[in-house]
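**Q** Hey, can you work out the whole structure from these sequences and the hints?
The listed protein sequences derive, respectively, from chains A and B.
Under this note's numbering, the first residue of the first sequence is numbered 1, with each subsequent residue one higher.
Under this note's numbering, the first residue of the second sequence is numbered 86, with each subsequent residue one higher.
Please keep in mind that the hints were generated in silico from the structure rather than gathered at the bench.
Fair warning: there could be bad hints in the mix.
As the list claims (entries may be wrong) - From the structure, some residues in chain B lie toward chain A, with a derived Cβ separation under 8 Å: (1) R154; (2) M156; (3) A202; (4) P205; (5) N206; (6) A209; (7) V226; (8) I302; (9) D304; (10) R617; (11) A621; (12) R629; (13) V636; (14) V742.
Said to hold, decoys possible - In silico SDA-like links for lysine to any residue, alpha-carbon gap of 20 Å or less: (15) K271/B with R77/A; (16) K586/B with A30/A; (17) K271/B with Q38/A; (18) K271/B with I16/A; (19) K271/B with W17/A; (20) K271/B with R18/A; (21) K756/B with L741/B; (22) K245/B with K271/B; (23) K501/B with G147/B; (24) K586/B with T513/B; (25) K271/B with V37/A; (26) K245/B with T262/B; (27) K501/B with A565/B; (28) K220/B with V37/A; (29) K220/B with S20/A; (30) K220/B with Y21/A.
Quick caveat: nothing in here was measured; it's all calculated off a predicted structure.
Every residue gets a Cβ at the ideal spot worked out from N, C-alpha and C, and that includes glycine.
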Amino acid sequence: MAALLIGFVVVASAVIWRRSYGITQARHMADLDRRIVQLEAERGRLAALIRDESSRTQLGPIVQQLGMRIPDDRQVRSIPRGTQP
Amino acid sequence: MKAPGRLTIVHGVLVVFALALIAKAGYEQLFRSDYWSKIGQRQHYVSSGLPAPRGQILDATGRPLVESREMVRISVAPRQVRNRAALARDLKLASVDPRFVSMSLDTMRKWVDVPGAFLPNSVAPAIALRGVYSKPVMDRVYATSGGIRRIVGRVGPDGKALDGIELALDSLLRGDTATVRVARDKSGRPLAAPDDADDPTPGSTVVLTINRELQEICDRALAVAVDSLHADGGDIVVMNPNTGDILAMASNRADPAAVANTAVTEPYEPGSTMKPFVAARLLQLGRATPDQTVDTYGGHLTINGRTITDADEHPSVLSLTDVIKHSSNVGIVRFADRMSVREKYEMLRDMGFGTQTTVALPAESPGVVRDPSGWTPQSAASVVMGYEVSVTPLQMVTAYSAIANGGELLVPHIVKEIRAADGTVRYTAQRQVVRRVMTPEVATEVRTMLRDVVAGGTSTRADLATLDVAGKSGTALRNAHGRYIAGSYTASFVGLFPDDKPQFVILVKLDNPQMGFYGGIVAGGVTNVVLRAALAARDAALNRGELASSVHAPRPDTTPAGKAAERARLASEKRIDSADVADSLRELAHAPPVDSDPRTSESYVVTLPSKTRAIPPVVSPRAVPDVSGLPLRSAVRALHAAGFRVQLVQGAALPLVPVAGTMLEAGRVVKLGIAH
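**A** In structure tokens:
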């Protein structure tokens, strides 16, 4: 009878430990998933920021302040394919 | 018989009660197990929707124009909050409206939905607190360019597409939301298990024909033009005439609340840009040749009680080519008399006016082409001058593309490709011909006429020095509530670039510009700026190899307008693009229309700017360093490091001129004396 009781307690403890461990791991995985989402969102925000800051809409006024200009078409050379330098 | 004692009765009742309990338990277990099992599942598990990321929208080169990112909406149950100070701090850090921070701490409220979506990072500390609940939502990140936003449209806060490509292709972009069943922990929070979730199906990726760099060039040029010319607004559309690809589509309105893509939604009366189609149809029908002439009666003609006049001075007898070159209203009306009313109407319909182009953008206007049964006696003359007909900028560019590509009217398209989330190509745009509207020979003849317009006609401002541009300007009175408004014009120019093998058909339209109104001057000027910027850009959808064959040596332009354009161009070499555009346009807007008569050209005095001078850098004076006692090499190095130029002087009276400590601007020469 005592052996049965001890066996029951051991098995029950193992089951509870296994479930607790699973829950802890699931919680950890959920945290990692959330972290991935956070970092992806941050990556997207930074990529969009870089795109926006390098657009002509943003650069135009700065370029204007620096006194830069659009080159004349005479200053642009279009090189045909296959032309050797 | 002895009556049972009270204890026996109590025991009996307890036994009966126990038996009843066992019976009830047995009944529930044996006969209602399914019911209780469902209740248990419902309490332990919760169904949660996983939002599908909307598909990306890319430009033709694969750069993202719009993409999705996961954001978080938060709600607070104030009565469950334990750490109120931390919640207040975390919500403030996440830039939550202070009113809602107060509401979130008010225990009189059961539930508070905080408005707006937040970056997961910014609200992560708040979400970790008891009483704060979060829900993931997908947010769209748009490119800054206003023009691109008008094309791609918007998605509302509830995730529903509102306009643009987002609306037109919503079913493809939105993807499929997944529903997952997740276990809940003791506090009711979802506990994700690794194997119980089906990922949502992301939306398809839409690749547009838009070239982002060219689009930004057009956006910027248009914004500067609208601002500097004090126009009500404007549109620019650039199309590849050989494929029907829309490469750029910019719209701008002075009213910042206007967000519609007016290049497809807002028709306008095109004015003289309609004339080349009349010429093409006359040539096609064999009713005229480019060299045939008509008398324009000095630029005044009265028909049915209405006097038609020409804006520009020109010889009275004009060939069809010259009618286009000088944009003679009288000339085109006289030539168009060779067509019947029905033929004029068919010409308009054949060019695609009065019907939608079927481009994948919502709210496209078909324009207005009235049936001949509704024409007045003056309509036949009006339509060939571009009045009593309304077209969208996209329709006009599509029609000019037919002239550019040898006579085929194409279906314009803005969607190049659609790819499913797994990379499978679901749609690829194909060149689609609506109909042939002129023979290649007629198209070539009309292109030659359009080349003359830019080379020496009304639109020399659009021309480039080393590449030829063909095109036609239009200056049309604007109509409001059925009446034409004096002094209010739509200035437009449609260009083919380069003229021999066009890669771009570009339309520039400015609504009611106040600082000049001639289409060839103001819209032609903007065209010139866009083309120059496109040539200078790294990738603006130009085939450089093919372009190289069209380049010729720079050609001096001796016409007054040519000189003015040259002056503006030279001025541009020392000015920035937008300032240059603005100044050149202002200057040219006040110039009279082009006149090729050599007698009048003598009255112009054109002052070319002096040699380009670089803007001197702003330098602050600094002290000349003390180099006494230093070896010569170190002394020179120290002076250079201080920003001065050094001149060595043998046998100088002073070792350093000026002396150490003198305040001098950087770049000035300092004389360093050396012994014999």
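**Q** Give a verdict on every hint.
**A** Taking the hints in turn, this is what the structure says about them:
1. R154: With a minimum Cβ separation of about 4 Å from chain A (threshold 8 Å), the hint on R154/B holds.
2. M156: Check passed: Cβ of M156/B comes within 7 Å of chain A, closer than 8 Å.
3. A202: violated, 10 Å
4. P205: Result: holds, 4 Å to nearest chain A Cβ.
5. N206: Where the cut-off is 8 Å and the nearest Cβ of chain A is about 5 Å from N206/B, the hint holds.
6. A209: holds, 6 Å
7. V226: Interface hint status for V226/B: holds (5 Å vs cutoff 8 Å).
8. I302: holds, 7 Å
9. D304: Given a least distance of 7 Å, the restraint on D304/B holds.
10. R617: Holds - the Cβ of R617/B comes within 8 Å of chain A, reaching about 5 Å at its closest.
11. A621: holds, 5 Å
12. R629: Holds, because the Cβ-Cβ distance from R629/B to chain A comes to roughly 5 Å (cut-off 8 Å).
13. V636: holds, 6 Å
14. V742: Interface hint status for V742/B: violated (34 Å vs cutoff 8 Å).
15. K271/B with R77/A: violated, 71 Å
16. K586/B with A30/A: Measuring from Cα to Cα gives roughly 59 Å; hence the hint is violated.
17. K271/B with Q38/A: violated, 26 Å
18. K271/B with I16/A: holds, 15 Å
19. K271/B with W17/A: Roughly 17 Å separates the two Cα atoms, so the pair holds.
20. K271/B with R18/A: holds, 17 Å
21. K756/B with L741/B: Holds, because 6 Å separates the two Cα atoms, which is no more than 20 Å.
22. K245/B with K271/B: violated, 35 Å
23. K501/B with G147/B: holds, 11 Å
24. K586/B with T513/B: violated, 25 Å
25. K271/B with V37/A: The given pair, whose Cα atoms are some 25 Å apart, is violated under the 20 Å limit.
26. K245/B with T262/B: Measuring from Cα to Cα gives roughly 14 Å; hence the hint holds.
27. K501/B with A565/B: violated, 37 Å
28. K220/B with V37/A: Holds: K220/B and V37/A sit about 13 Å apart, inside 20 Å.
29. K220/B with S20/A: violated, 26 Å
30. K220/B with Y21/A: Violated - the C-alpha atoms of Y21/A and K220/B are around 27 Å apart, more than 20 Å.
Going down the numbered hints, you'll see the structure goes against 3, 14, 15, 16, 17, 22, 24, 25, 27, 29 and 30, while the others check out.
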